[in-house]
Structure formats: structure tokens, C-alpha cells
Amino acid sequence: MSSESRTEAAHIHHPDYVKIWAVLVVLLIVSVLGPLTGIRWLMLFTAFGIAIVKAYLVAKNFMHVNLEKRWVTYLLVTSLVFLAILFSGVAPDIMRHQGLRWENYAAKKAVESGSQASAKHE
Amino acid sequence: MSSHSIANLRSVTGIPTARLVTWWVIASEIFIFGGLLVSYVMHRLAHPEWAIAAANTNTKAGAFNTFVLLTSSLFAVLAHKAADAEDGPKAAKFLRLTALGGFMFLTVKGFEWAHEIKEGFVLSSGGFWSFYYTVAGLHGLHVLAGAIIMLVIASDAAKNRELPRVQCIGLYWHFVDIIWIFLFPLLYIAK
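So the sequence lines, in the order shown, correspond to chains A and B.
Position one of the first sequence corresponds to residue 1 (this note's numbering), numbered consecutively onward.
Position one of the second sequence corresponds to residue 123 (this note's numbering), numbered consecutively onward.
The hints are simulated quantities; they were obtained by calculation from the structure and are not laboratory data.
Honestly, I wouldn't trust all of these hints.
Straight-line Cα separation of at most 35 Å, DSBU-like style, residue types lysine-lysine; simulated pairs [to be verified]:
1) B/Lys281 x A/Lys60
2) B/Lys182 x B/Lys313
3) B/Lys240 x A/Lys19
4) B/Lys313 x B/Lys212
5) B/Lys240 x B/Lys203
6) A/Lys60 x B/Lys212
7) A/Lys109 x B/Lys231
8) A/Lys60 x A/Lys19
9) B/Lys203 x B/Lys281
10) B/Lys240 x A/Lys109
11) B/Lys182 x A/Lys109
12) B/Lys215 x A/Lys69
13) B/Lys182 x A/Lys108
14) B/Lys215 x B/Lys281
Have a look at the derived ranges for each label pair, beta carbon to beta carbon [unchecked claim]:
15) A/Gly89 x B/Ser252: 33 to 43 Å
16) B/Pro211 x A/Pro15: 20 to 30 Å
17) A/Arg101 x B/Gly232: 46 to 56 Å
Going by beta-carbon spacing under 10 Å, a handful of chain A positions derived as facing chain B [as the list claims (entries may be wrong)]:
18) Pro35
19) Ile39
20) Phe62
21) Val90
22) Arg96
23) His97
24) Gly99
25) Leu100
26) Trp102
All of these numbers come straight from a predicted model, not from anything done at the bench.
All residues carry an ideal CB built from backbone N, CA and C; glycine is no exception.
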């Protein structure tokens, strides 16, 4: 190993990865059990809130993002900011099926036929 | 004594070039998967019928696959730890276990898809299924590619060669794991 890589490796503190994995598995179990309560807000929290926590734990402890040079974080955050721009720019057209002077007939038809097809399949 | 390619020896930015490239790949993958996930969320919120279609996905299979990927991520980071300690054979062993996790994930996915297709849910069955097969299929291709690359790196690592690559493939694998962490609630939980 080069002296630089060796020095860098020596600086990385490896935490107890098995313990972190155990926490991730417990969170997975909670996210699976959440919908069984039948409470919608709790289901959304256990599903998506826990997904964010799990992703954070993996990024921090397994990918060691916090130990990288700061601009690696900038690179990743910039990607996420562009995603947010994509969402906010496109969402009004996709998430609404009609506006003041327009109507998305295709989307409305898709909702109608999708509901019928799903009901038939059941 | 270990040997390294130039990508692992150069670090103009303070990060070895190979790892820097891995981070760039991950940033570009954020756009690929992020774009798909954002599109999915937008359509899912605008199409209530997708919830009915999503009720047909197999939560148990999805949860089992999440467990498999989380466990394979553990093996990937243990391989990194072994590589840091310059224990190539141990790193190779953990990399092979990680790849095994990847193949197990794909096997479960294969059975799951076969069942869904048999039930009549195909790519053209509607918006939800179109997204389901596209996103999960693209993710599956990433798992397959990662597992194959991991086996190639493991064969070098077993001889104590190119050990910094172990961390690079690990970073990629953890990212693929994170993508699945978000796909699981979107495709299997929110019904």
C-alpha cells in the first residue's frame, strides 16, 4: 500500500459494523410491521422515515461519507438539489390532472381504466 | 507486498483517483435512480389506482431481499476493514460473501417476477407495473454488475493485489443498497 493510502487507512476508525447491521435489521422489521397497525400516518412514518434513517446509517457508517473530503458531500448534495429542482419543476404538470385552462384527458382516463382493471383483477 | 494501479496511487484532489471516480459514478447514479424515483412518487401521488396495483407485490419477498442486501453490505464493509488491515484473503472471502448475497437477491427477484408475470402483471399492465419492472429491473442489473465486479476484485484481493479497489466496489455496493432501501417502501409497503 502506498504511504499515502496507508496513512489514510490508519485514520479510518472502523466502528462495530455488526452492531450497526443489527440496528438496520431492527429498523427493517419495524418498517414491515408499521402497515399492520392500519394507521396511515404511522405506516408512512415507519416506511419512509425509517428508510431515510437506514440510508443515513449506511452512508455514514458503511460508506464513511463523513470521513471523506468535504466536497464529496457537496457533490452528493448538489445531485439531490438538482433532483428537488426536477421534482418542483415537473410535479405541477404530473400531479394535477386539470388546471385553469387545461385538462389532462389521458391521465384521467388512465386513472379510470386503471381502477377498473385492478378491480377486475381482484 | 501489495501492488497498485496508477488510479490508486494518484490523489491530486486528496482522494485517490479510483475512489474519486467511484464517487462521480455514484453522483451520476443519483440522477438515474433519483429521476426514476421522483417520477414514481409524482405519478403515485396522482394515480390512486397505483395503490391497488401495488397491493399485488410480495412484501415478504421484498423484506427478505432487503435483509439480504443489508447483510451483503455488512460483508462489503468487513471486506473494506480487512483490506485496510492488508489482509487480502480475508477481504476476498467477505467480497465473495457479498457477491453471494447479490446472487441470492437476484434469485428471489426472479421467482417473484415469474409469479407476478404468471398472475398476468406484465410491463404493459399499467403505469405501476411499468415503473415496477423498469426500476426494479435497472436495480437488478446494478446488483448483477456489482456482484460480477466484486468477484473479479476478490480474485486479485486474495493475492493481496489492488486492495484499495475493495473500498471502491464497497462504496458502489452500499449505494445500490441505499437505492433498494428506498425502493422497498415505495414498491412493497405503500399500498
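Hint by hint, here is what the structure shows:
| no. | hint | result |
| --- | --- | --- |
| 1 | B/Lys281 x A/Lys60 | holds, 30 Å |
| 2 | B/Lys182 x B/Lys313 | holds, 14 Å |
| 3 | B/Lys240 x A/Lys19 | violated, 40 Å |
| 4 | B/Lys313 x B/Lys212 | violated, 42 Å |
| 5 | B/Lys240 x B/Lys203 | violated, 44 Å |
| 6 | A/Lys60 x B/Lys212 | holds, 23 Å |
| 7 | A/Lys109 x B/Lys231 | holds, 31 Å |
| 8 | A/Lys60 x A/Lys19 | holds, 14 Å |
| 9 | B/Lys203 x B/Lys281 | holds, 16 Å |
| 10 | B/Lys240 x A/Lys109 | holds, 26 Å |
| 11 | B/Lys182 x A/Lys109 | holds, 33 Å |
| 12 | B/Lys215 x A/Lys69 | holds, 29 Å |
| 13 | B/Lys182 x A/Lys108 | holds, 33 Å |
| 14 | B/Lys215 x B/Lys281 | holds, 12 Å |
| 15 | A/Gly89 x B/Ser252: 33 to 43 Å | violated, 22 Å |
| 16 | B/Pro211 x A/Pro15: 20 to 30 Å | holds, 23 Å |
| 17 | A/Arg101 x B/Gly232: 46 to 56 Å | holds, 48 Å |
| 18 | Pro35 | holds, 6 Å |
| 19 | Ile39 | violated, 13 Å |
| 20 | Phe62 | holds, 5 Å |
| 21 | Val90 | holds, 7 Å |
| 22 | Arg96 | holds, 7 Å |
| 23 | His97 | holds, 7 Å |
| 24 | Gly99 | violated, 13 Å |
| 25 | Leu100 | violated, 18 Å |
| 26 | Trp102 | violated, 15 Å |
Comparing the model with each earlier hint shows violations of hints 3, 4, 5, 15, 19, 24, 25, 26; every other hint is respected.
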